[in-house]
Each structure stands twice: as C-alpha cells, then as structure tokens.
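> Each chain is listed here by its residues.
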Amino acid sequence: MTYSLTWFLRPFTILGRYSLLIFHAFVSLDDFRTYRKNTFNQMMRIGVESIPIVALAAAFSGAVTTVQVSYQLVSVFLPATVIGSVVAPSMILELGPVVTGFILAGRVGARIAAELGTMRVTEQIDALEAMGLNSTSYLIAPRILAGIIMFPMLYVAACAIGIGGGIAVANLGGYLTTQEFVQGAQDFFRPFDPYFGLSKAFVFGFIITSVSCYMGYFTAGGAEGVGKSTTQAAVMSCVFILIADLVLAVTLL
Amino acid sequence: MILLEHITKQFNNTIVLRDVSLDIPEGETLAVIGRSGSGKSVLIKHAVGLLTPDEGRVLVDGANIHEVSYKELRRIRRKFGVLFQGGALFDSMSAFENVAFPLRTFTGKSDEAIRSRVETCLDMVQLPDIGKKMPSELSGGMQKRVALARAIALEPKYIIYDEPTSGLDPATSNHIDELILSLNEKLRVTSIVITHDMHSVLAIADRVAFIHEARIAWTGTVDDIHRTDHESLLDFVRANEYVIGEQTSASEVSLHP
Numbered sequence: 001m002t003y004s005l006t007w008f009l010r011p012f013t014i015l016g017r018y019s020l021l022i023f024h025a026f027v028s029l030d031d032f033r034t035y036r037k038n039t040f041n042q043m044m045r046i047g048v049e050s051i052p053i054v055a056l057a058a059a060f061s062g063a064v065t066t067v068q069v070s071y072q073l074v075s076v077f078l079p080a081t082v083i084g085s086v087v088a089p090s091m092i093l094e095l096g097p098v099v100t101g102f103i104l105a106g107r108v109g110a111r112i113a114a115e116l117g118t119m120r121v122t123e124q125i126d127a128l129e130a131m132g133l134n135s136t137s138y139l140i141a142p143r144i145l146a147g148i149i150m151f152p153m154l155y156v157a158a159c160a161i162g163i164g165g166g167i168a169v170a171n172l173g174g175y176l177t178t179q180e181f182v183q184g185a186q187d188f189f190r191p192f193d194p195y196f197g198l199s200k201a202f203v204f205g206f207i208i209t210s211v212s213c214y215m216g217y218f219t220a221g222g223a224e225g226v227g228k229s230t231t232q233a234a235v236m237s238c239v240f241i242l243i244a245d246l247v248l249a250v251t252l253l
Numbered sequence: 001m002i003l004l005e006h007i008t009k010q011f012n013n014t015i016v017l018r019d020v021s022l023d024i025p026e027g028e029t030l031a032v033i034g035r036s037g038s039g040k041s042v043l044i045k046h047a048v049g050l051l052t053p054d055e056g057r058v059l060v061d062g063a064n065i066h067e068v069s070y071k072e073l074r075r076i077r078r079k080f081g082v083l084f085q086g087g088a089l090f091d092s093m094s095a096f097e098n099v100a101f102p103l104r105t106f107t108g109k110s111d112e113a114i115r116s117r118v119e120t121c122l123d124m125v126q127l128p129d130i131g132k133k134m135p136s137e138l139s140g141g142m143q144k145r146v147a148l149a150r151a152i153a154l155e156p157k158y159i160i161y162d163e164p165t166s167g168l169d170p171a172t173s174n175h176i177d178e179l180i181l182s183l184n185e186k187l188r189v190t191s192i193v194i195t196h197d198m199h200s201v202l203a204i205a206d207r208v209a210f211i212h213e214a215r216i217a218w219t220g221t222v223d224d225i226h227r228t229d230h231e232s233l234l235d236f237v238r239a240n241e242y243v244i245g246e247q248t249s250a251s252e253v254s255l256h257p
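If you read the protein sequences in the order shown, they are chains A and B. Using this note's numbering, you'd call the opening residue of the first sequence number 1 and step up by one each time. Using this note's numbering, you'd call the opening residue of the second sequence number 1 and step up by one each time.
Wrong hints could be hidden among the right ones.
Each computed DSS-like pair below joins lysine-lysine, with the alpha-carbon atoms no more than 27 Å apart [said to hold, decoys possible]:
1) Lys109(B) x Lys79(B)
2) Lys186(B) x Lys228(A)
3) Lys71(B) x Lys133(B)
4) Lys71(B) x Lys132(B)
5) Lys157(B) x Lys109(B)
6) Lys133(B) x Lys109(B)
7) Lys71(B) x Lys186(B)
8) Lys109(B) x Lys71(B)
9) Lys37(A) x Lys71(B)
10) Lys186(B) x Lys37(A)
11) Lys157(B) x Lys186(B)
12) Lys157(B) x Lys37(A)
Simulated from the structure, these hints should not be mistaken for lab results.
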C-alpha cells in the first residue's frame with residue numbers, strides 16, 4: 001500500500017523537487033560578477049561549441065527534405081517552387097527547433113548532467129555549499145541562462161543553414177534554381193512563423209538545460225549514478241521536447 | 001561553540017545516527033572515531049547543515065542552523081573550513097585557483113593579496129610549487145593537502161577534517177597532524193577531526209568521541225582511552241596497532257595500566 005502510494009506520488013515529488021531547484025537557483029543570485037563570468041563560459045560551451053554539429057544536422061535536414069518534397073509533391077499539377085514553399089517553413093516551424101533540440105539534448109544535456117553528477121558524487125557540490133555559496137545559483141542559473149540565450153541563436157543558424165542546404169541540393173540535383181526556391185519560400189511565408197520557431201527554441205533551451213541540471217544535481221551512487229543521470233538527462237530532455245512541441249503547436253498555431 | 005543535540009538521522013529505513021549529542025567548545029579539537037559506515041561523515045555534515053536531522057538540532061554560536069534563513073546559514077557556513085574525505089577539489093580549476101576560489105568569492109582582496117595568501121597556504125601544506133597543476137595531475141594525498149590549503153584559506157573559526165591523513169604517507173600524516181595542532185594553538189581554531197588513525201588522535205585530539213551502532217558510545221580525553229574498559233572501543237583501538245608509552249603494537253598493548 002505504502003509502496004503503491006509512493007509510486008503514485010513519485011511524479012509529483014519529482015516535479016516539486018525540480019520546481020524548487022529552479023526557483024532556488026534564481027532567487028539568491030548575490031554576486032552578479034561571478035554569475036556573469038560563469039554564464040559567458042557556459043554560453044561558449046553550450047552554444048558556440050555546438051555550432052558544427054547543429055550546422056551539420058540542419059544542412060542535411062534541409063537537403064533531405066528538399067529531395068523528399070521533390071519526390072512526393074512535384075508533378076504536373078504542382079510547380080517546382082513548391083519545394084521552397086515546403087522546405088523553408090518546415091525548417092522554420094519544425095525541423096529547425098526540433099532537430100537542434102534533439103542534437104543538443106544529447107550533446108549539451110548529457111554534458112551538463114555528467115558535469116554536475118560528477119561534482120555531486122565527488123562532493124564538489126557539498127564543498128561549494130560548505131563554503132557558504134548557493135551551489136544551485138552558482139552551477140544551475142548560468143547553465144539555464146546560457147541555454148535560453150544560445151538556443152534561439154542556434155535555431156536561427158540552423159534555419160539559415162538548413163534552407164541553404166536545401167537550396168544547394170536543389171541546384172546540384174537540378175530540381176530548381178535558387179530564384180525558384182526563394183520565390184516558393186516567399187509565396188507562403190508568414191511573419192509569425194519565425195516568432196513561433198524562436199519561442200520553441202527558447203522553451204527547448206530551458207527544458208534541456210533545466211532537466212539536465214536536475215538530473216545531474218541529484219545524482220546518487222558513484223560512477224554508475226553519473227552514467228544513469230547522463231542517459232536520463234538526454235532521454236527525458238527529448239521526451240519533454242516532444243511534449244512541449246505539441247503543446248506549443250496546439251496553443252500558438 | 002558547536003552543539004549537536006539529540007540528532008537522529010535515517011536513510012532508507014536504516015538509522016545512521018540515533019539520539020547523538022555532542023558539544024565542541026571553542027578552541028577544542030574533537031576527534032570522532034568509529035568503524036567505516038558508523039555515521040561519522042553523516043554527523044559532521046549535520047554540523048555545517050549539509051544534512052538536516054530527522055530529529056534534534058545543531059547550534060553554531062547559539063544559532064540553530066536548521067531554523068535560520070538560507071542566507072544566514074550561508075553566513076554561518078563561512079565560519080567553517082571543511083576538508084572532505086576525497087578532497088573535493090574543483091576539477092575544472094588548477095590547484096592555485098582552488099585555493100584562491102573562496103578568497104575571490106568572499107573577500108574583496110586584490111589579486112596580489114590573494115596570490116600571497118594562496119602561496120602561504122600551499123607552503124603550509126608543503127606543496128609550494130604545484131599551483132599550476134590540475135587536480136587530475138596530483139596524487140590523492142596531494143589533492144587532500146591542496147584541499148586542506150583551500151579549507152584554511154579564509155582563516156576559519158571552525159575546521160572540519162574528514163579523514164585528513166588517510167591515503168597519506170606517515171611523514172606527510174605527521175606533518176598534517178602538526179599543522180592541525182599549530183592552527184589550533186596559534187589561531188585558537190576549533191576542530192572536528194574524523195579519523196581512523198589513532199596515531200593522529202593521540203597527537204592532536206583534546207577529546208575523543210567514539211561512534212558505535214549509531215550512537216556516541218564513549219567520550220573522553222585521550223588519556224581516558226588508556227583507562228577505558230569499553231569493549232567496542234578497545235577492539236577499535238587494538239585494531240589500530242597504536243603506540244602507548246613504551247609499547248609498540250596492539251598485541252602488546254594493555255589498556256589497563
């Protein structure tokens with residue numbers, strides 16, 4: 001009976017601990033200089049160092065979408081410009097934020113959880129607390145701030161590179177010219193779309209960094225625990241990205 | 001003064017501490033001894049508020065550290081220097097940066113003053129030339145000594161040592177013991193030392209607390225150990241093969257002169 005109750009209440013317990021952790025991280029930021037330096041360092045690690053893998057994933061996403069749209073839609077009834085009309089909004093609305101999110105859930109989420117998890121099991125977090133520092137604001141706030149600042153930037157880069165990849169393949173494969181691609185993209189462009197994509201990137205940035213910080217911060221059980229936290233951080237970030245993707249689409253579109 | 005009153009703590013239905021009370025007056029060095037897993041580290045984590053007791057309270061200079069605000073708790077924690085069992089050095093920072101970290105964070109000292117203080121602290125632990133090395137480049141014993149340098153950097157009022165001499169060679173262990181004694185004598189630092197090393201206990205402790213079966217089973221001065229008839233403590237002490245008077249090994253030791 002007690003076990004069943006504990007099992008039933010577990011999601012609420014986790015949600016409560018997660019909320020308190022994030023709240024605690026931001027309520028007592030007392031030395032702004034320290035946090036500014038840490039945030040800048042995290043922006044480099046989370047954002048700048050992720051550019052190559054995000055660029056690669058985005059370029060291939062745009063290229064493959066271009067080939068598939070050409071295969072599925074272009075016919076005697078639809079002009080080739082439809083490729084631009086589909087690829088550009090797909091990158092802006094869905095592929096840009098979600099592909100970037102998945103890539104970073106693995107790269108950034110796992111890294112954050114491994115770093116904080118190792119700090120936890122080697123008592124480095126206890127050492128920070130014992131010195132009189134708020135370890136959550138010192139470790140977690142800069143990572144979340146870096147995430148919500150850099151993810152939208154990476155999203156913009158991913159969209160540009162993805163659309164660029166689509167245009168490159170369209171030209172190389174002889175599907176359509178750059179002018180036709182751009183014309184197609186402009187025909188169905190809605191000014192709201194980039195804002196929607198940016199909103200997603202912002203939310204995904206928060207999800208990945210905060211979930212991974214939670215997993216890492218509460219790591220227990222030595223090296224095995226660090227491995228478990230790292231895996232859970234990547235998996236749970238992806239799960240929450242999918243859920244948030246649907247919720248945002250339903251509420252904002 | 002640090003006062004632990006009726007501390008009870010359990011993890012996953014296992015009681016680690018049961019109604020434990022201890023007082024550590026200012027200027028005293030208390031050694032907490034006991035077998036592995038007896039709850040010694042758990043006990044000292046309560047002293048700095050890293051763990052919250054299920055029952056009981058901890059008073060530091062009269063303030064109940066589990067009732068004060070988090071901001072006040074952090075202010076109280078700055079009175080402490082803690083040497084963790086594994087050193088707990090920040091592995092993204094060099095040895096120098098580790099020792100400088102509390103100085104940079106909590107003092108408005110100039111870079112030159114911080115450098116001078118860090119060098120003094122590293123000299124005290126006999127590691128004057130390793131400032132640029134990363135923790136991963138240092139041996140376990142050296143990491144522990146750098147961690148000790150970091151713990152004393154802010155000249156704390158209270159120092160907690162969790163196994164300060166474990167993993168160190170006998171000469172370095174003796175030096176750490178001397179350092180603890182000297183801090184206690186010169187700065188009137190109040191210390192809690194968790195250790196298995198009876199040689200250290202005899203060298204540095206004013207008073208000894210023996211934890212057994214989740215309780216403080218025995219307390220007394222170092223001299224009292226020689227006269228005790230507490231069976232569990234005697235077993236623990238004999239297993240340490242320490243030296244008393246003219247005798248040289250546990251097998252030869254009679255604790256009832």
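> Please list, smallest to largest, the hint numbers that this structure does not respect.
Per hint list: 2, 3, 4, 7, 10, 12 violated.
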